[in-house]
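Can you make the complete structure from the sequences, with help from the hints?
2 protein chains.
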Amino acid sequence: MPELAYLNGKIMPIEKAFVPIEDRGYQFGDAVYEYIAAHSGKLFRMDDHLERLEQSMRALSFPPVPRQTIVQAVTDLFAASQMERAGIYIQISRGVAPREHAFSNRKPVQIVMTAKSLPDAHPHAQNGAAVITLEDFRWSRCDIKTVQILPNTLAKQKAVDKGVYDAIFISEKGVIREATSSNVFIIKDGKAVTPPLTPNILPGITRKVIFEICKNETIPFEERSFTTPELYDADEVFLSGTVTEILPIVSIDEKPVADGKVGPLTGKLYRELRRREKGEPS
Amino acid sequence: MPELAYLNGKIMPIEKAFVPIEDRGYQFGDAVYEYIAAHSGKLFRMDDHLERLEQSMRALSFPPVPRQTIVQAVTDLFAASQMERAGIYIQISRGVAPREHAFSNRKPVQIVMTAKSLPDAHPHAQNGAAVITLEDFRWSRCDIKTVQILPNTLAKQKAVDKGVYDAIFISEKGVIREATSSNVFIIKDGKAVTPPLTPNILPGITRKVIFEICKNETIPFEERSFTTPELYDADEVFLSGTVTEILPIVSIDEKPVADGKVGPLTGKLYRELRRREKGEPS
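Listed in order, the protein sequences are those of chains A and B.
Position 80 (the first sequence) corresponds to 126 in my numbering; numbering is contiguous.
Position 79 (the second sequence) corresponds to 125 in my numbering; numbering is contiguous.
Hints were generated in silico from the structure; no laboratory data involved.
No distinction is drawn between identical chains; accordingly, a pair holds when it is met within one copy or between any pair of copies.
In silico BS3-like pairs for lysine-lysine, Cα to Cα no more than 27 Å straight-line: (1) LYS88 - LYS56; (2) LYS204 - LYS153; (3) LYS153 - LYS208.
This is the structure:
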């Protein structure tokens, strides 16, 4: 099957899907998005993603869209794609209007989706990846999932240019925030720790699933701020996200994490996440 | 004439101009822009705008575009519009590519422009406008003219909702930065003061023209940081920008600026700017 797009009610090949140049998503970055993965033919945690999508829209005072409209579109697009393992990208912008900063919200929002196949596993899932840290230079509302992500792309490119996988944003004072498209976890003395939710951190769905796994598997976990020295000194480090899944980090700023190998708790959490994604009983 | 667009070499009505949904400008806000005004049939300071456009592109590692390509497109579009007083909006994105954060730059950039008529004068030019101040929540590279301006639209909307014209961004420590699409000047004891250029401030073309006018008219001026108390205590305050021109601010956070009337130096600078825009000898 060709890669497909959904655009305001119609399904079409991606290369046929166009938006007007005065879409506010294009001229102001006035748009929110979500990315839902399907594993073994089933969309994983769709309700959580749509709940967050609605939160993002409310945070920007978008006119609401009935959840059923989105559910139907996602379901139809995924069915049309005939894929078992796919990623559905959903972007909703404040719609098309003559360019001026203030918005009337009298125009309908613009809904765009794409369906693409996902690889069977993240390429670095087995052996882990290296990252750099970088001072956060994004805007102050990264808890809202918007397309204000040029800084994320620049940071990712900086990492790639340095020969590593990704960059972790830290505050001016060295407090760990998140990676360019994932949350960050450390494991120290058997306990999983991730920064608490603030306006600088996306409330990750996988982050939430990890808490559930920890509870189920009686792995202690904590939402707590920590800084670069604690990151460097962790027993294990991993990133979490819908595409990232649970990705072991084995090197940070050119220094190995512990012995530089994928740690046991990261491996366990990864296997448990994969089981849930495939719909196996937990 | 209908409002016109330029899209990769062709001129067409705006409503016929569409971009692919995988334009990186749409999915990442990975795009820069400029806005050039034409007065009395002449494009004002085009070279300055194109110089800044190239600076923005370099700052984001965009592949370069020959200046002559842009000049020709702007000139053709303006001629086709048959307008005397117009605004040419230029947006260049990193082009169309399957969605992933890192960029290859192997795809050509996407060049989009619109031509629209401009009113004869800013609606608040005569009597001045009111503003609020707001803590800056934008990203840390507002010196680059990108479409990462969702926070600017939210701030503008907040101002409109409060019944005023615009918002001025201030740092966490109360240092004045700029308005949502203009630079900020104060006048105190006959001297014009504006914040120095930092990564949080756009190097405005009108800002630069104002320096030239000050030199020519022997009005003292200074680039210097100042904070909210000094803003409130100014003799005169104005915003500057290509569309804003020189816009008197007569009220800030519900308090009048001086006697709440448009000040004499603001008026003088405005008249001098207008003369230059119209191509009259300075």
